[in-house]
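Just so you know, the sequence shown maps onto residues 100 to 640 in our numbering.
Quick caveat, the hints were computed from the structure, so don't treat them as lab data.
Among the hints, erroneous ones may be present.
Derived Cβ-Cβ restraints for the label pairs, each shown as a range [claimed, not checked]:
hint, residue 1, residue 2, range
1, ALA190, PRO303, 22 to 28 Å
2, LEU468, ARG619, 54 to 60 Å
3, PRO308, ARG116, 36 to 42 Å
4, PRO236, ALA318, 17 to 23 Å
5, LEU186, PRO303, 32 to 38 Å
6, PHE512, TYR200, 54 to 60 Å
7, SER385, LEU519, 18 to 24 Å
Predicted, not measured: the structure shown is a model, and the values here were computed from it.
Every residue, glycine too, gets a C-beta built ideally from N, C-alpha and C.
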Amino acid sequence: MTDRISPLAPMGHPVFRAIWFASLASNLGGLIQSVGAAWLMTSISASDDMVALVQASTTLPVMIFSLAAGAIADNFDRRRVMLTAQLLMLAVSILLAVCGYLNVLNPWLLLVFTFLIGCGTALNNPSWQASVGDMVPRPLLSAAVVLNSVNFNLTRSVGPAIGGIIVATAGAAAAFAVNVLSYLPLIFVIARWKRDTIPSSLPPETLGPAMTAGLRYVAMSPHIEKVMLRGFVFGFSAIVVLAMLPLVARDLPRGGPLLYGLLLGCYGIGAIGGAFLGGRMRENWSNEAIARAAFIAFAGSATIIALAPNAWIAGLGVAIGGASWVFALSMFNVTVQLSTPRWVLGRALALYQTATFGGMAMGSWVWGLVAEEHGTDVALLSAAGVMLLGAAIGLKLALPEKTSDNLDPLNRFRTPSVALDLRGRSGPVAILIEYVIKEQDTRAFLKAMQDRERIRRRDGARQWELLRDTEKPEQWIESYHVPTWHDYLRHNQRRTQADAVVDDCVRALHSGAEPPKVHRMVMRPTDWTEPGLQVKPPVDI
Numbered sequence: 100m101t102d103r104i105s106p107l108a109p110m111g112h113p114v115f116r117a118i119w120f121a122s123l124a125s126n127l128g129g130l131i132q133s134v135g136a137a138w139l140m141t142s143i144s145a146s147d148d149m150v151a152l153v154q155a156s157t158t159l160p161v162m163i164f165s166l167a168a169g170a171i172a173d174n175f176d177r178r179r180v181m182l183t184a185q186l187l188m189l190a191v192s193i194l195l196a197v198c199g200y201l202n203v204l205n206p207w208l209l210l211v212f213t214f215l216i217g218c219g220t221a222l223n224n225p226s227w228q229a230s231v232g233d234m235v236p237r238p239l240l241s242a243a244v245v246l247n248s249v250n251f252n253l254t255r256s257v258g259p260a261i262g263g264i265i266v267a268t269a270g271a272a273a274a275f276a277v278n279v280l281s282y283l284p285l286i287f288v289i290a291r292w293k294r295d296t297i298p299s300s301l302p303p304e305t306l307g308p309a310m311t312a313g314l315r316y317v318a319m320s321p322h323i324e325k326v327m328l329r330g331f332v333f334g335f336s337a338i339v340v341l342a343m344l345p346l347v348a349r350d351l352p353r354g355g356p357l358l359y360g361l362l363l364g365c366y367g368i369g370a371i372g373g374a375f376l377g378g379r380m381r382e383n384w385s386n387e388a389i390a391r392a393a394f395i396a397f398a399g400s401a402t403i404i405a406l407a408p409n410a411w412i413a414g415l416g417v418a419i420g421g422a423s424w425v426f427a428l429s430m431f432n433v434t435v436q437l438s439t440p441r442w443v444l445g446r447a448l449a450l451y452q453t454a455t456f457g458g459m460a461m462g463s464w465v466w467g468l469v470a471e472e473h474g475t476d477v478a479l480l481s482a483a484g485v486m487l488l489g490a491a492i493g494l495k496l497a498l499p500e501k502t503s504d505n506l507d508p509l510n511r512f513r514t515p516s517v518a519l520d521l522r523g524r525s526g527p528v529a530i531l532i533e534y535v536i537k538e539q540d541t542r543a544f545l546k547a548m549q550d551r552e553r554i555r556r557r558d559g560a561r562q563w564e565l566l567r568d569t570e571k572p573e574q575w576i577e578s579y580h581v582p583t584w585h586d587y588l589r590h591n592q593r594r595t596q597a598d599a600v601v602d603d604c605v606r607a608l609h610s611g612a613e614p615p616k617v618h619r620m621v622m623r624p625t626d627w628t629e630p631g632l633q634v635k636p637p638v639d640i
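Put together the whole structure using the sequences plus the hints.
Written out as structure tokens, the structure reads:
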């Protein structure tokens, strides 16, 4: 029986602890700014749809730009990416505060500023979440993700109330100014962080191929696809509470910005309790059981809020929603992180966030339209129905169970010596691997090669084929292409310890006297030689 990991164990690591406390200040400022923006929109626009769009404008950039941000996170220094994102958000927040102070904000200009802040969040999030594994050891990853959720929701429990007081007494511009100051501690800590990096022998992938590699990896990873589907449905339905909360606070007896802040505080308190309870649930419940519980509890939360006659009952419903929010999203995040190797983690997290935040953005817009036409209570009850549907999806597409696969690099590959003057962009490259398989081992070999094909394609191989010699049936050839020599090296460096099981199985079935013969062929057009038949050294094509 293994020792139980303390929920506070990640705090023993100085970098995680410093960034955690700096993030506490930053999250507090961000929530104060959100209260100011949402309440300001209720003051300068009479449209319920525009109020809901404040939430959508913050989440939409995450849906649009996360994949590119994930590719950047996987190919460049994540610390520098985070620093750039924080400076971008600082600059936009300064402009927002100035415009708020000068009283020149209109509904669309306010949405532009919140959209730009969302762009900074989109750039920051993949690098930030993928860096958690750089701050703490893998066994503490789940606890670290939960603590980060506690961080945000701790500020949610008091930040909105503080924001409501600031807005009620000093106006939205003061809330925007507080947010400006909140960026400074986190920028300072990230700038001082001396992150250990392993230098790569290969240059970074260009943005387009890197994004394609991320899409391909997720497409060949059914577990991550299931998480993305449930994340989308959860984001689409559960965002109704946050999107409708300004309207709920406005319409309740004695409603106003202070009540709005207090209700958001209830959401944060529920989320904190849910974070610590969720850690214990992860030890005893399956991922699917946690997801279904979160969907059903959130449906109850939305129903309570829709029917609440006073702020006390609404606060109870909001707290249940906060707990359910953390149950689901922290479990989704940990599942993606534990199911993905480091080389593509930023992109996998980005695609998960694209699905989840895309659902949030779409949900904010849809529920805003429903509220505009039929009222806030109808929007909340309709979303509750979708949440129950999200729970039912698990009956057919259950989430993956906790995995113990070792996704560290395999590190068996050694760059082969070649006689040609190959360069990084030389290619395309065709790979042929010869096997000798006994007749009685054919069935086992074919089964193993099914897994080999998935791994090859997932890691970048194209046109994978398995060929059998018609004259010597015991001889088989595995064939695939990669675009360039650098792509071939990357392809082999992406192999994980978990993939070694398939590699070892295939090698064990090979009955030749020598190891499987590998041919690495650079494809060339027929007019490659100069007149006079002088062979040129290989060049990039």
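Results of checking the hints against the structure:
1. ALA190 / PRO303: 22 to 28 Å: Since ALA190 and PRO303 have Cβ atoms about 26 Å apart, the given range 22 to 28 Å holds.
2. LEU468 / ARG619: 54 to 60 Å: holds, 57 Å
3. PRO308 / ARG116: 36 to 42 Å: At roughly 37 Å between Cβ atoms, ARG116 and PRO308 fall inside 36 to 42 Å, so the hint holds.
4. PRO236 / ALA318: 17 to 23 Å: violated, 30 Å
5. LEU186 / PRO303: 32 to 38 Å: violated, 21 Å
6. PHE512 / TYR200: 54 to 60 Å: holds, 58 Å
7. SER385 / LEU519: 18 to 24 Å: violated, 53 Å
Consistency note: the structure conflicts with the earlier hints numbered 4, 5, 7.
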